[in-house]
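Asks: In case you want the letters, here they are:
Protein chains: 2
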Amino acid sequence: MNIAWENFDSLDAYKKLLSLKGQVNLQKDLNSQRVASYSVPMASGLVYNYASKQVNAQILKVLQELSDEAQLTEKFQSLYEGEVINTGENRKVLHHLVRGQLGKDVTYEGKNGFAFYKAQEDAIASFADKVHSGSVANAKGEKFTTVVQIGIGGSDLGPRAMYLALEEWAVKNNSMKMKAKFISNVDPDDASAVMASVDPAKSLFVLVSKSGTTQETLANELFVKDFLKKEGLNPSQHMVAVTSETSPLANNPEYLASFYIDDFIGGRFSSTSAVGGAVLSLAFGPKVFASFLEGAHEADKTAKNTDIVKNPALLDALIGVYERNVQGYPSTAVLPYSQALSRFPAHLQQADMESNGKQVNRFGKPVDYATGPVIFGEPGTNGQHSFYQLLHQGTDVIPLQFIGFTSNQSGKDVDVEGSTSQTKLCANLAAQIVAFAQGTSDANPNKNFPGGRPSSLIYGKQLTPQALGTLLAHFENKIMFQGFVWNVNSFDQEGVQLGKKLTKKVLSGDMDGALKSYAALLGV
Amino acid sequence: MNIAWENFDSLDAYKKLLSLKGQVNLQKDLNSQRVASYSVPMASGLVYNYASKQVNAQILKVLQELSDEAQLTEKFQSLYEGEVINTGENRKVLHHLVRGQLGKDVTYEGKNGFAFYKAQEDAIASFADKVHSGSVANAKGEKFTTVVQIGIGGSDLGPRAMYLALEEWAVKNNSMKMKAKFISNVDPDDASAVMASVDPAKSLFVLVSKSGTTQETLANELFVKDFLKKEGLNPSQHMVAVTSETSPLANNPEYLASFYIDDFIGGRFSSTSAVGGAVLSLAFGPKVFASFLEGAHEADKTAKNTDIVKNPALLDALIGVYERNVQGYPSTAVLPYSQALSRFPAHLQQADMESNGKQVNRFGKPVDYATGPVIFGEPGTNGQHSFYQLLHQGTDVIPLQFIGFTSNQSGKDVDVEGSTSQTKLCANLAAQIVAFAQGTSDANPNKNFPGGRPSSLIYGKQLTPQALGTLLAHFENKIMFQGFVWNVNSFDQEGVQLGKKLTKKVLSGDMDGALKSYAALLGV
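These protein sequence lines are chains Y and L, in that order. Numbers in the working numbering are just positions in the first sequence, counted from 1, shifted up by 4. Numbers in the working numbering are just positions in the second sequence, counted from 1, shifted up by 4.
Source of the hints: derived by calculation from the structure; they are not laboratory data. A virtual CB, placed ideally from N, CA and C, is assigned to each residue, including glycine. Keep in mind that a hint or two might mislead.
Said to hold, decoys possible - Only pairs whose alpha carbons sit at most 25 angstroms apart, straight line, appear in this in silico SDA-like list of lysine to any residue:
1) K416(L) with G527(Y)
2) K451(Y) with N11(L)
3) K451(Y) with D514(L)
4) K314(Y) with E298(Y)
5) K416(L) with K465(L)
6) K520(L) with D419(Y)
7) K291(L) with G104(L)
8) K508(Y) with D419(L)
9) K505(L) with D400(Y)
To be verified - Derived coverage of chain Y by chain L (criterion: at least 3 residues anywhere in the stretch with Cβ under 8 angstroms from a Cβ of chain L; other residues may be distant):
10) 158 to 168
11) 215 to 223
12) 342 to 356
In isolation and in its complexed conformation, chain Y is listed as follows (with noise of 0.2 angstroms):
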């Protein structure tokens, strides 16, 4: 395959795309045939629809050239075979090997790579039964009851919003095994607030690090071991790891089973690893995260398609370019309207901005385009009481995306007035979305809405582990494909390393300048 990567603004199809800023009136265009026909499944019995997208028949087809022009489904598919596509880090990226396998065999270092990862998944998987069934147990022979995971970033953020995603689902669904928690922050307030709310001696630790370095996480490691040991028990009878095979916690006594990734596996895209795997298989049971990962499979499936139309991993980031570049707006809210998604957004922030918050091309040369915006948002309602006021009113316009589903987790419910209250979840967020696009007029100029602020939607029935698992390799895609069309490495995150460095001078105290006044601010 020949594949020039080349950045967005010497493409043909950028120029005519400029010149179509502002075509779509949706005050006027949103109607009953748009919410139709402006629709895609995605999988797991979602569907993607962008009738409030301001595009047409006529920037469709740009966009459709765009993507042919910027090859962006055979940049997919060198990427899921394996080519080096994280090139400043030169490195393979293979999450979606994770999943399944969606091309020919990947191979290196000897291995099959997806024989590898099923490997570890199958390992997760016995080890989980062992704890449900306390064949692995603690020192007294009694059953774990909680899980906590101790990790940064990408072994956090993911992990928990799956956790918190899938919660209620699995009390409902009587696969709820054990409890998870999660220890992030350096700030020891987090770790003794979590270590606080747990039975210690019937918790199990995920210590989750790939490179077995990370600075907060080896913190609360030590934090939760010298916790456990003033309680009288043996930390290496109470921690598991997950990390690659060349770091210091690969096959080390103290832990009483180390799981694998590689360094294939991004941070924020191992959710479907060992990273997500261990954490999801303890508490739900290896069966929900195997139909998680096959959610997330048949989403990966759906992006290789070339038409856009047919791709809504694709259209989602084609259109998202043409809000970002052509309309101009800065951010982008992510508005789930179920409460499970409560931290979904917070994970989709890290995903989307670590990602695509570049300023060079993947060649290291500056770029003349705007690249990642800001991602932000909270579960709705909850945001129609809190920041919604600027979404409609404010002197900016702010993309959405609406999530929601037909039926909520828990199967609990109460009837007011007439209405359950997922019928009213569901009633709002059909009324924001039609208020954000139309808007209306009125005499009371405080109360003019000027419409014209888009939004798409997915839904479904229900967030079950599957149609989870599809929601994020649907974003997770959608990611990966802007950042072949702003030619940007996606895949690395250079920008961490200057604070990491600085931190360093002020703890070793060879610091000077202002940051040595800082630090002393802060009394270090």
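Given chain Y, put chain L in place with the hints provided.
Replies: Chain L in isolation, oriented as in the chain Y frame:
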């Protein structure tokens, strides 16, 4: 007092300010002298440091002229002395009065405002003492151990953020009287999960709705009442209300007690009123709540100062205006290096975006300048492993608000490689400020950090109840001053109305067009 409400762009200072774009080069200009001198004491031992903001003596001089010309402190005075500042709703704005009187007596509706609010605080204190002593108890005579707040928006975000901010402090200082939980979302899975996590027989519920008609809150009230009844409990012995004296929840035998606010306490500014007072006094005891109010009142007093470099909230507001309207930055990140402040950014997101996300001035005329920015944030160091990549190396500049403390709350810590976790936390914070401001150049352009990314730092010894009050009031006052500059009404929220209206249409079945189509997709 003769006050002129003029648009920002009609002021002489506006044009002067526009001519001062890009004057400060933080990469070169930041040094120890700036760190020492660009500093303002707040209250409660907190300090606002703005050495890494893009201001200099000339810009500060024009910002002082702007403050004088726009009569910002005079407007604040007229607000706290009871003028009808919320003109759209024809209401006074009296949240400052719940924590102390700043000027002359405010009397209305035959009452003294301060005395009214103080009486509510005292009534809550007396009730909380009875709950803690067990003289108010459940039907079996057992003490209540948990308080659950039911509310949404301002009745949730602020009180929840304040509770989380003081939980570890209270444990350490023997002030933990009752655990608090919160139910907000109309998604029934929210109430379902919270109810599964408490012992209902020993739980006291605080229902918070000023109007007594909030859809989500009433649905959740019924959810909880049904739950209690199924457990054989009498809801009226488990529930108190915080509401206005004219609401259906007032003086209602369905509640153990009712505590009152009035129309002059806006939801997003209600944490220091009975809305926050009930849950916080129950959780931590009335003395802790009084100390929190004292910290807020002390901050309010500093906000009266006409000299901008002696008025941290005013200065912070003006620098924010410079960043928004002169430098053109569309969003701001709030980054507390304190796990206790994990939900403080979500509270500020409401407080700020709901107040100043407006496109008409207080007379209903469209404004020609940008108003409130997008606000988002997560605690450090977590954010460093997430979205900081974009903050350092993205194509947009995003101003930052750091917050940090010398000591943690729990007093627990661990030493790894010669430093405690708390020291690492503060070292990371100092390092980030300097990395953002100064950047660094590298032969590898991918490792190049442009710097020039402005931040301010609020710091102190420890996050105590009093310090938290100061921190909260600082941002409330900052938002108020910015609203004055932009000449918007920061105290109404008409932007939430259209969604409510369309939701009613969906629920009543009186809908057509796109609204009907979207509702159908969601099963309504």
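Asks: Flag every earlier hint the structure violates by its number, smallest first.
Replies: Result: no hint breaks.
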